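Peer 1: Going down the list, the protein sequences come from chains U and X.
All residue numbers for the first sequence refer to our numbering, where the first residue is 107 and numbers rise by one.
All residue numbers for the second sequence refer to our numbering, where the first residue is 107 and numbers rise by one.
Simulated from the structure, these hints should not be mistaken for laboratory data.
If you're wondering where the values come from, they're calculated on a predicted model, not measured in any experiment.
Accuracy of the hints is not assured; some may be wrong.
Any copy will do: because identical chains look the same in the list, a pair fits if it lies in one copy or spans two.
With a straight-line cut-off of 25 Å between C-alpha atoms, the simulated DSS-like cross-links for lysine-lysine are [stated by the list, open to error]: (1) Lys304 / Lys367; (2) Lys304 / Lys405; (3) Lys158 / Lys173; (4) Lys158 / Lys335; (5) Lys367 / Lys405; (6) Lys130 / Lys283; (7) Lys317 / Lys367; (8) Lys317 / Lys188; (9) Lys317 / Lys376; (10) Lys405 / Lys188; (11) Lys225 / Lys376.
Protein chains: 2
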Amino acid sequence: MTNQKMFNVAVVGATGAVGEQILKLLEERNFPINQLKLLSSARSAGTKITFKGQELIVEEATPDSFKGIEIALFSAGGDVSKALASHAVAHGAVCIDNTNAFRMDPETPLIVPEVNIDKVSEHKGIIANPNCSTIQMVAALKPLSDRYGISRIIVSTYQAVSGAGSRAIDEMLRQTKEALDGNDINPDILPVGSLPVKHQIAFNVIPQIDKFQDNGYTLEEMKMVRETKKIMGDESIAVTATCVRVPVVYGHSESVYVEFKNEYDLEDVKRILSEAPGITLVDDPANQQYPLATDSAGKPDVFVGRLRRDLGSPLGLNMWIVSDNLLKGAAWNAVQIAEYIAIGQK
Amino acid sequence: MTNQKMFNVAVVGATGAVGEQILKLLEERNFPINQLKLLSSARSAGTKITFKGQELIVEEATPDSFKGIEIALFSAGGDVSKALASHAVAHGAVCIDNTNAFRMDPETPLIVPEVNIDKVSEHKGIIANPNCSTIQMVAALKPLSDRYGISRIIVSTYQAVSGAGSRAIDEMLRQTKEALDGNDINPDILPVGSLPVKHQIAFNVIPQIDKFQDNGYTLEEMKMVRETKKIMGDESIAVTATCVRVPVVYGHSESVYVEFKNEYDLEDVKRILSEAPGITLVDDPANQQYPLATDSAGKPDVFVGRLRRDLGSPLGLNMWIVSDNLLKGAAWNAVQIAEYIAIGQK
């Protein structure tokens with residue numbers, strides 16, 4: 107590409123699990139960077155990170171950090187985004203925010219490039235990256251929605267521990283070692299770091315991700331409900347979610363029941379998904395091939411399989427959707443948006 | 107109890123994971139046993155097992171093993187049941203079969219005591235124990251079905267590895283150790299021992315339990331579909347299942363969407379479940395209390411929680427059902443049936 111404009115880019119939360127993946131992708135994809143600024147909390151400031159052979163020092167993120175910045179990628183938690191994104195916008199930056207801070211703000215587009223990249227242009231400085239479990243589901247459902255319309259979604263998730271951060275991964279590995287050695291397990295972080303009750307994740311599954319809401323659903327479940335409607339641009343879709351943490355390091359799996367508005371053909375569904383951008387169809391029961399969390403790790407795609415007609419409703423389809431929660435579920439989706447802004451490609 | 111008749115009992119598959127639990131329960135519950143015969147394959151014959159302080163030697167199961175036997179508990183695989191149950195019946199025994207061999211046979215009652223113990227009397231020598239994942243679900247749904255009627259069930263399971271036998275547990279623990287040590291993992295048994303393709307279960311989830319059927323569902327999924335209708339005595343219930351193996355040792359968890367025929371009250375649902383036999387309600391989101399696989403291990407009850415109104419259908423309820431797959435899901439359900447036959451109690 108000739109005469110490509112180069113951008114001053116800030117990565118907020120550069121030392122975190124998602125920030126690390128964002129930097130890896132910016133480097134691999136040769137993102138048009140003029141100046142790269144790495145920002146973090148005061149605690150992590152001073153960390154050295156190598157980018158394209160150059161050593162960069164992470165600085166503490168402050169309101170003044172964004173002077174001259176044109177694209178800021180935030181993944182340092184909702185509180186940091188709430189405190190700093192407006193300052194970045196005031197300095198003229200476009201913020202791509204990977205937290206829950208602005209997702210449901212009516213002024214903020216909530217973007218999955220394969221689904222609604224056309225909404226990016228409506229931004230007023232901030233573009234929100236959806237929740238990991240939502241992204242992979244809507245990416246897989248959108249091409250089917252375009253063809254048949256969707257009236258209803260019931261999803262049960264099998265979510266990897268990396269979604270709760272690298273300390274949660276450490277905790278799971280430590281607990282697992284303790285369990286194998288026959289020692290006592292003392293849960294410390296999961297299900298929710300800031301809440302008092304802790305549960306074992308090693309050799310267990312925990313039906314709680316994030317805090318409970320008044321309606322009995324967790325915030326993670328309500329994110330899937332609300333974000334799906336907003337991204338699909340259809341408040342009439344009925345969505346129900348059960349979000350469950352499983353002892354997996356990378357890769358969220360989802361058992362999804364979807365009910366279409368119109369009759370569908372299963373072979374057509376397979377063809378549509380096999381041709382859809384960002385989707386890889388892995389659906390070969392005869393050879394025991396279907397998406398697996400371990401196979402998805404490190405890959406940008408959303409993997410779809412176990413496609414079969416519902417046994418109750420003629421309009422119902424069951425499917426199994428898997429993707430790396432740190433990539434398409436976070437860093438890769440954010441970098442896709444940044445690339446669209448920078449060079450107009452999805 | 108005075109003048110309790112004492113029974114000659116055979117346990118077929120006495121050295122297996124379920125057989126071991128059956129013997130433990132017969133001992134703990136002081137089952138009225140006159141003579142106890144332990145049977146197995148030729149390979150395990152000769153094994154010594156202590157029952158109530160007495161050492162018994164496991165014998166190879168043959169058609170002649172059942173002479174004088176009045177109650178035979180089978181859990182040695184479908185082929186063994188198919189080969190030997192008719193001989194046991196011919197010798198006058200009532201067989202309680204924990205395999206898939208006779209479950210869908212119209213002549214064979216399929217019994218979950220809390221649901222349909224009244225059907226036991228229809229037996230012609232064989233009573234079938236349902237599949238583990240079905241038992242815990244119908245035990246929890248039956249009291250709600252009695253009150254509101256059920257039109258539809260959509261279930262996604264999180265099934266423990268012990269359901270695939272003790273060799274599968276060994277494999278998971280070995281793989282987990284290999285993964286923690288950073289070594290290569292060479293899957294050997296799961297998802298299905300007799301099929302060629304193997305997948306890693308350590309830090310992974312596998313959306314296949316048992317073989318695929320022509321309709322794209324696995325046999326485990328179709329067991330849940332067919333057995334639920336038969337046990338509930340209602341072929342009109344629409345049932346769809348997605349069965350998934352998770353790296354848990356004991357305790358199946360299930361995310362269940364149920365649609366009632368009539369309007370329901372959530373507080374009534376909780377009251378009905380809290381009063382239902384064999385059910386323990388664990389549903390306190392404010393204190394992060396819900397059923398967990400690790401908590402269910404070693405306990406006979408079915409644990410139910412995460413009760414919440416569906417966000418799509420006013421007749422829909424979402425719930426989380428957990429039970430020890432070797433106890434209520436297998437050994438305990440079989441011993442409950444045996445007790446009903448022996449002493450007329452549930």
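Peer 1: If a hint holds in the structure, say so; if it does not, say that too.
Peer 2: Structure-based check of each hint:
Taking the shortest Cα distances, Lys304 and Lys367 never come within 25 Å of each other, neither inside one copy (42 Å) nor across copies (38 Å). In this assembly of identical chains, the alpha carbons of Lys304 and Lys405 lie at most 25 Å apart only when taken from different copies (21 Å versus 31 Å within one copy). For the homomeric pair Lys158 and Lys173, the shortest alpha-carbon distance inside one copy (23 Å) is at most 25 Å, but the shortest distance between copies (79 Å) is not. Proximity of Lys158 to Lys335 under the C-alpha cut-off of 25 Å is found in neither arrangement, the shortest distances being 39 Å within a copy and 61 Å between copies.
Within a single copy, Lys367 and Lys405 get their C-alpha atoms no closer than 32 Å, and across copies no closer than 44 Å, so neither meets the 25 Å cut-off. In the homo-oligomer, the alpha carbons of Lys130 and Lys283 never lie at most 25 Å apart, since the shortest distance is 30 Å inside one protomer and 29 Å across protomers. Taking CA atoms no more than 25 Å apart as the test, Lys317 paired with Lys367 passes in neither setting, with 33 Å inside one copy and 32 Å between copies. Proximity of Lys317 to Lys188 under the C-alpha cut-off of 25 Å is restricted to the intra-copy arrangement: shortest distance 19 Å within a copy versus 50 Å between copies.
When the C-alpha separation of Lys317 and Lys376 is checked against a cutoff of 25 Å, the pair qualifies only between copies, where the shortest distance is 21 Å, while the shortest distance within a copy is 37 Å. Neither within a single protomer nor between protomers do Lys405 and Lys188 lie at most 25 Å apart by alpha-carbon distance, with minima of 30 Å and 47 Å respectively. Taking the closest pair of Cα atoms, Lys225 and Lys376 never come within 25 Å of each other, the shortest separation being 27 Å inside a single copy and 44 Å across copies.
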